Structure formats: C-alpha cells, structure tokens
Amino acid sequence: MIQLLVAGLTVGSTYALVALGIHIILRATRAINFAQGDFVVLGGLFALSFVSQLHVNIWVALLGSTALGFVLGALYERFILRAAARVNEGAVMIASIGTVYVLLYGHALIWGNEPQPLPTFSSAQQVQLGGATIAVQSIWVIALLAVMLAVLYVFFERTVYGKAIRAAANDPIGARLAGINVDRARSVSAAISIALATFAGTIVGPITLVGGSNGITITVKGFVGAILGGLASPIGCTAGGLLVGLIETLLGSRFAHDLVDPLVYAILLVVLLVRPQGLFGGRRIVRD
Amino acid sequence: MKARLRVDLRLQCAFAVLVVVFGIAGARDTALIQAATYGALYAVVAIGLSLLLGNTNLISIGQAGFFAIGAYAVAYLTASVTWPAGVTPGAQFLVASVLGTLIAGVLGLALGIIALRFSGPYLAMATLAFDAIVIGLLRYVPAFGGVSGITNVPYPIFGSITLSGPNAYWYAWLLVAVAAAATTAMLRGRIGRALEAIRNDPLAAEVVGIPVRRYTVGVFAYAGALAGLAGTFYASFLGLVVPDAVGVTVSIDILLMVILGGSGTVSGAILGAAVIAFTNLYGHSYQNLRPIAYGIAVICVAIFLPHGLVGLLWHRRNVKATVAPVDVPPAPGQTAHAKPQATTPWLEVRGVSKHFGGLVAVDNVSFALENGTVTALIGPNGAGKTTLFNAIDGVVHADTGTILVAGRDVTAWEPHRIARLGVARSFQSARLFGDMTVAENVATSAFATSGRTFDVGAALTRFGIASLRETPARDLAFGDRRRVELARSAAGRPDLLLLDEPAAGLNALERERLRTDIESLRGDGITVLLIEHDMQLVMDVSDRVIVLEFGSVIADGLPREVQTNPAVIEAYLGASA
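In order, the protein sequences belong to chains A and L.
Sequential numbering from 1 applies to the first sequence in the working numbering.
Sequential numbering from 1 applies to the second sequence in the working numbering.
Misleading hints may appear alongside valid ones.
Some, not all, of what chain L presents toward chain A, calculated at C-beta under 8 Å [stated by the list, open to error]:
(1) 118
(2) 122
(3) 124
(4) 140
(5) 142
(6) 143
(7) 252
(8) 256
(9) 291
(10) 299
Simulated restraints, written as ranges between beta carbons of each label pair [as the list claims (entries may be wrong)]:
(11) A:181 - L:359: 35 to 41 Å
(12) A:176 - L:300: 28 to 34 Å
(13) A:270 - L:457: 51 to 57 Å
(14) A:255 - L:23: 33 to 39 Å
(15) L:543 - A:178: 48 to 54 Å
The set of hints was computed from the structure by calculation and includes no laboratory data.
For clarity, every value in this text was computed on a predicted model and none was experimentally measured.
Cβ atoms here follow ideal geometry from the backbone N, Cα and C, with glycine treated the same way.
Using the sequences and the accompanying hints, generate a full structural model.
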C-alpha cells in the first residue's frame, strides 16, 4: 500500500507540476499550453546533456535544466505566445500545438529516439519503509516537489514581484495603470511555468528514463489533473495532478493497462459534469 | 460573411476540377492516388469540424473518436458478424455504414449537450477525453481485436461495382462532394445565418429568436455524423482498422487541417486535408524534419493567418464606414398597418419577483400594457428595470410571479420561443452581430417571424440606414449601432417591443430621429415598453409611465401625473428639504 502510494505520488508529481504550469500560462494568456509536457521531456534531456557532455553533478544539472527552462519559457512567450495572443486565445492554443511538433521531433533530431538513463540524485537506490521497498529517487521527487511548491508560494504570496505578476494576470489594464509592466509579467509567468516543466523532467528522469517519449500524454494528464482539482486554483491544480497520479497507479494495480486511461478520462467527464469548478477549486470558474 | 461564402464556393468549384484532372492524370501513381483517397476521407471529417469551429467557436479535439466509431462499426459488422445468407456484402456495408454514422451522430449530440455547459479549455478537454475513452475501449474490448484491430474487412460489392480498390479515389471524392454540397447549402441558408449570429453573440441571437442550444447541439451532432460516415468508408477502403490510426493524434491532425486551410469554410477544410495528406506522402524521406517544418507552419498560421490559407482570399482589413446621415422622417405612421386591437394585452406582468443571492432586484411587480401604446419604465440606476426586461423576454427567469405574453404564460420559456410570439428587444449596449453586415443583422429579424417574410431593404430605408447596408456592424459609429439595433428589433414587425435605454449616448439629432421612430412604430400598432433616463423623450413619447425603485413600482400613471408625484421626486432627488 505504501509502495503504491509513493509510486502514485511520484507519477503525480510530474502531473502536479505540469498542471501548475498550465494554470500559470492559462492565467497569463487565457489559453492552454499544449507543449507543457514536451518541455518536461526536454528538461530531462537538458539534464542528460549536462551530465554526459559537461560531466557535472546531477544537482548542478537540475539547476542548469531549470534555468534553461526559465530562459526558454521567456523566449517562448516573447516570440510565440505573445504574437498568437494578439490574434485570440484559440491561436495561442494552436501555436502551442505547433510547438509540440517542433519540440517532439526536435528532441528526436538532437537526442535520438531511444530513452536514456539519468543518474539518481543519491547513491542509495532503495530504502525499507514500513515493510515496503521504496525507491530513494521517489523520495527525492516528492521532497523536491514540496520544496518547489514552498518556493512558489513564497514568491507569489510574499514578494512584491510575485504579487505584481498575479495582478497582471487578474486585471491587465488595472495592473498597467498601477505601473506594472504587464508584458514582462507575462514573460516571467511563462518562464516560471516552463522552468517547472524542465525541473519536473529532471527530477523524474532517473525513474522514467529521459527522451524518446511523447510529451502530449504528459500534458493531457496534467491538464486532467488541473481540471479535476480546479483549473482556476493553483492549489487545486497541484492537488489534482497528484490525485491523477494516485488514481492512475491504483487503477493500474487492479485493472488492465489499456483500461486505466479510459477510466481516468471517464472520472474527468463525471467531475466536469458534476463539479465543473474542480474538486478543490473555489466557486470561480475560468470560461473561454 | 458574404465574401467568405463567395470565395468558398468558387474554391470548391476549382477543387472539383482539380480532383477530376488529378484523378485522370495521376491514375498510374498508386501511392499518390492512395494518399489523395485518404486525404478525401479526412477532408470529410475536417468539413464537419470546420463548421463547428468556424461558425460556433466551439473546439473539438475528439473528431477522430467519431471517425473510429464509424470505422469500427463497418469493420466489426462486416468482418466479424455472420449475416443471414443472401445479404450481399454491398448491403452489409450499407447497413453498417448507416449504423456507424448514426451512432457517431448520437454521440456527437451527447457531446453537444456537454458543450452547452463548457467552452474553451474545458470543452477541448472533454472532447479529447471522449476520443481517449473511445480508443481505450476499442483496444480493451476483445471483440474489437485489441491493439491489432480488425483485419479482413471485406470490400463492399454492389453488382459489378466494387466500392474500393483502384476506384476508391473517385468514391472518396464523391463523398467529399456530397458532404461539401450539404454543408455549403447549410452555410448559405438560414442555418448559416443563425450560426453566424450565435458565434457573434449567443445572447442576442437567442433574443432575436434563434434556438441557440438546439443549433449548438445540432452542429456537434452533424460534425460527429460526418466524421463517422468518413470512418465507415475508411475501414472498407483500407480493409482493416487499428486503434492507433484513429487516436488522439489524429484528432489533433484534423484540427490542424481545419486551422491550416481556414475554419468556417468548406474549401479550407478540403485544402488543409489535401496539404497534410501530401506532406505526409512526400515528407517521409526527411523523417524528423518534416514534422518540425509542419509545426513551424502551424505556429505561423496561428499567428499570421488566423483565417487560414483560404482566408488570404477573402479576409480584408475593414475600412472605416461612412456615418449615415440622420434624416428625420416626415410623419409618423405613414406605413401604418395598424393591427386589430386584441382584447388580451400583449404583455401582462403579475407579481413578478427576482432575487440575485440576497439582492432583491425585482419585487412583486404587476402591470398590464394597453396594446398599441408606448409605456416608459423609469427609475434610478439599480431599480431593477433591465432585470424586469430580462425576466419578460426569458433571459432570466422570475423566481415568483407570472409573465403573460398575449395571454400565454411564458414565465419559464427560453428567449427564442418568446421572440417567436412577437416579442423583440434592444439592449442597453447595442448587441449587434459584429461580423455581419447591417443588412444581415436586420435580416436576422426573420428568425422571430417564423416564415412571415419582410422586406429588409424597406426596413433599412425606414430607419435611415440604407447607406450602411453592406457595412460590417463592428465598424459602425455609436449612434448608428443603436439605430441598426432598433431596426433589427423592429423590422420583423413584433407585437411587443422592449427598448432598453435607446437614447443613451445619442446626440440631439439622433434623439429626435429616435422619437419619431418610436412614434411611427406605435402608429404601426406595436406595443412599446421603454426603459429610458432621458425624461424629455419619456414625456414626449409615452402614453403611460411606470416608476420602479428598489425593484418595486412606486408610481404608475400618465406622464404628467408621474412628473409631479412626490414619491417619484423623492426617488430621483432624495428626500425633499
């Protein structure tokens, strides 16, 4: 049971970070970023190159991969999302799907089609916990997720800059009148969102292997988590992402592999119909 | 809208010629013809999605799910089911194809009902989930062959004709022609105008008499059925079907075809499908570079060509329109066809209340209008005037009380049904259909008149907007917007006309024009209920004035009486000193 729980939370960590990233970009551009999962894959590959080409420690690789994600996110916003947002929200979504193709086949072009291993964050591989054997990396994943969430919380809730970004997302015109540079706030939002994705790709890389996979499934699962938890609430998104990981793992231990995804989607449809604001969301619901 | 339909039809004709030429000239290149055949089937799916996306703004990332249902219906029913002797493979195919199309259509209907509640990201996710569930079940249920799908699907044979093989190209494009013709006929007719109105402003569409929910669900069902139909041909042309060929990535591909070609047009869907079919064929030698180039193309289209490739031919930046001169018509009621005075009042409001949370917006309001008169509804801001309007024409439903239109209880009706009884309305903020021209806006009045035709040209002339005929509504100056909205609500000769602050923001000349217009409408026998803050106008045109304050009627009588009523003066000026 503990084993399943830890496995579920590990899988869910990626979804939680993706859901949170989707939420942040949604708030800034009012559109869904379908490329979120491909940035996760990219993050793992960045870390791989840091380790195998530059021969640095995996921790340095984590920092590097997250920083690269931040820069890439800012560029992505500046040159693709912002231009598409001038057309409409649909255009942002379509442009992000275009980006999926560029990233997906770009990965393959640079790093090849084969999944590759990434070193774990510590030399110990497994640990006994209440009679269950737990992969140490899973503990790292969950701990690092917690650290990241704490950092985000402090940034958005306790710093002036974080508050400015939230203000810019809530009411761009009002924020402009208050002297906030809304364009830059959007850039920083996207940068943080993509940094979360590459961070996620690096911490789970040692478990899932990196590269050779299709990011769109990660995006969709993160998206499911975001809607389950409440697309309008960052806490709901995180909880929803973790929940999807748990549900998936639990269903996977009971049912045939092919049935897991349809069941997850069926749960999603039911939640959409019964409680569209999400399980953990407040009353507000983002429309259009 | 007109320019788009014109270009669309011309392109379709051009494509038809191309298809014939290509079919004859390219007949020997099997790979090429095959690519064009499957391209045709995807084009049919894309045509449905194009209608959905371009005319209702509803997105679906689940069209391949419907395609899969059609394909598996034919594959399963013709390959795995034992038919009674004597049923020819052709007949089997027909039955299976009709069944597959129907199932897809019904599921489309179900998704359409979901779409009534969600839009944007939620709808995108719901449709994607639908496709994923369909594919998951197809993989899981053993009868459908799991990952390896169903093979040995027989070719449908009708006498000497085999609906497959080398001739599949022609049958597939014939199917496109049928789908294109049906969809184009829809777009050019009443349905197209209704969908365009809904896309621009669902609430205003509902109020002019368009059943928005029925159309939304209908379009979803139609798009689903088209995708299912294409799927049934796919399975029999290919002779097999596997789940991976109809998964979520195919749904995304179809979405991109429509975006690339241009949503809202039939030719755009065909062009997009053709472009993708051929890049798939020729791109194989470039492996990863092809999808990367494709992705870049998609990004560029999203940013630079929001109306797709076809949009290049019809979409132009709109030129600022000239403002129509305000001419005051000579005398009111010169076109009078006064309707016989019915004995039942066109509108009776009985004890109507409406709460929003703890706020009482309308509190136990009762009155009946005398037919053929102008009644003004006045009161301070927040008195509940607009809420009362909304309750009368069904935009909101009263908590208690009854609304009677021509003696019928319409309290719980939807706005479009009330509109069809002859109730028209204008909004405080002139809700026009921005992408439609002035003439098209006024023509939507016909939705409420259910068959009764009227002369759009005469209506335009009567309200002095004939010179703006072809101007897109979004380019109108403020005063003209209000006049066009008045024309739209009055053109269908309603029996009851609700005008919400029609004079707000008008200049003196426009206001004078409005006064004569209202008087002329009364001359036609139309009963008018008017919300207005402009007291001069109220006193000039009204036969009766009802005053609301905090949701209750505080005065009701002749304009002169109300003007001197102490309670009214207090409501407007505060307690007298």
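**Prompt:** Which numbered hints turn out to be false for this structure?
**Reply:** The structure breaks hints 5, 6 and 14; every other hint is satisfied.
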